[in-house]
Amino acid sequence: MAGEGKDQDVVAVILKDHRTMEELFRRMRSVEADREAAREEFAALLVAHGEAEETRVYGALKRFRDIDDDEVDHGEEEHAEGNEALLKLLEVDDVGSEEWDERLEDLVKAVTHHLDEEERTILNGARENVPDERRAELGAAFLEEREKQLASDCGSIENVRKIVGA
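In terms of numbering that gives the first Met the number 0, the sequence shown has 20 at position 21, counting the first letter as 1, and numbering is strictly consecutive.
Calculated from the structure, these hints are not laboratory results.
Be aware that a few hints might be false.
[Claimed, not checked] Simulated pairs of lysine-lysine, DSS-like, Cα-Cα distance not exceeding 30 Å:
no.: 1; residue 1: LYS161; residue 2: LYS15
no.: 2; residue 1: LYS161; residue 2: LYS61
no.: 3; residue 1: LYS87; residue 2: LYS15
Whole structure, please, built from the sequences with the hints as guidance.
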């Protein structure tokens, strides 16, 4: 059926995660919210999302004309920067401290920069140059890997340390 796999479109799926990350930033900044729970949810999502992009999407996108391979490689570098900033936030014990605020803002800055750049370059390129059915296949592959990562407690401080080589 036409449009049936539309919710699986890799661009739409990735954008949905980006909006969720922005909402989690708001919760981590809010004194009324459960910042600890928001941090845990964010850590798992950021790691699962980045790993799924790198293992299931970025390589496939590099094969398409008019998608800038350098931007894809740069996206991977920015994932590493985001993971390093995430680790620093995970190491903060007091969610009400000045250290929390500083490290959260470093994380927000690193991740927001990446989301913005990825949306303008890689995702717009994918939307314009990758056929609908291939985007749906990539969306399904992305979601499968993301779920596998989430099920493995990928946002734990131990796993983030392993990823960043700390």
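*Compare the structure with the hints numbered earlier in the document and write down the numbers of the violated ones, lowest to highest.*
Hint check: nothing fails, all pass.
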